[in-house]
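**Q** Sequence:
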Amino acid sequence: MKMRTFAVGVGLVATTLAPSGLTAGADAAPGDAMCHVAANNPHHSKGSPGWIVGKGRISCTADIDSVKVIVKLERKQDGKWVTVGNTGTNEQVAPKANAKYTAQGEFKCAPGEYRTAAQGSGVYGGRSSGSMAWQYSGVVSSPCG
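So in the numbering used here, the last spot in the sequence shown is 204, and the numbers never skip.
Since the hints were derived computationally from the structure, they do not count as laboratory data.
Using N, Cα and C, we set each Cβ at its ideal position, and we do this for glycine too.
Treat the hints with caution; some may be incorrect.
To be verified - Subject to a maximum C-alpha distance of 25 Å in a straight line, what follows is the list of computed BS3-like cross-link-like pairs (lysine-lysine):
| id | residue 1 | residue 2 |
| --- | --- | --- |
| 1 | Lys105 | Lys159 |
| 2 | Lys167 | Lys105 |
| 3 | Lys139 | Lys167 |
Unchecked claim - Label pairs and their computed distance ranges (CB to CB):
| id | residue 1 | residue 2 | range |
| --- | --- | --- | --- |
| 4 | Ala153 | Ser201 | 36 to 42 Å |
| 5 | Lys139 | Ser201 | 14 to 20 Å |
| 6 | Ser104 | Gly184 | 20 to 26 Å |
| 7 | Ser201 | Asp122 | 37 to 43 Å |
| 8 | Gly138 | Val182 | 36 to 42 Å |
| 9 | Gly189 | Gln136 | 28 to 34 Å |
Starting from the given sequences, assemble the full structure and let the hints guide the process.
**A** Below, the structure written as structure tokens:
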């Protein structure tokens, strides 16, 4: 699993969003919110045999207005990563501090190399962060065996 910390403000590794506006910096000041997006490695679903799932999640250090996480599976085809299957989205209004909100992408089992892509965004103090850069899991070959 790969995880990136970002502020609700801008899609940088360590930025912050204060209710009064966007600020870039290494540490969050009081009243700021830091969020984390993680993309888990794709795996064969235990709940839905015959499907590959990739899960991603978002959590924030403070109670903010809202968060959104988008998760998709990608398969390497002709040397390029291509989105396959169903994309999952989870939007939460008034998410709780440190709670994890998960979404998943899924694709019918087929041989190949796969990775999970996750992207998050949030709103804090009425200001949107926009979307941060996609975060990627490790590569898994033929997760269904």
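**Q** Each hint: holds or not?
**A** Hints versus structure:
no., hint, in the structure
1, Lys105 x Lys159, "holds (21 Å)"
2, Lys167 x Lys105, "holds (13 Å)"
3, Lys139 x Lys167, "holds (19 Å)"
4, Ala153 x Ser201: 36 to 42 Å, "holds (41 Å)"
5, Lys139 x Ser201: 14 to 20 Å, "holds (18 Å)"
6, Ser104 x Gly184: 20 to 26 Å, "violated (38 Å)"
7, Ser201 x Asp122: 37 to 43 Å, "holds (42 Å)"
8, Gly138 x Val182: 36 to 42 Å, "holds (38 Å)"
9, Gly189 x Gln136: 28 to 34 Å, "holds (29 Å)"
Checked against the numbered hints listed earlier, the structure breaks hint 6 alone; every other hint is satisfied.
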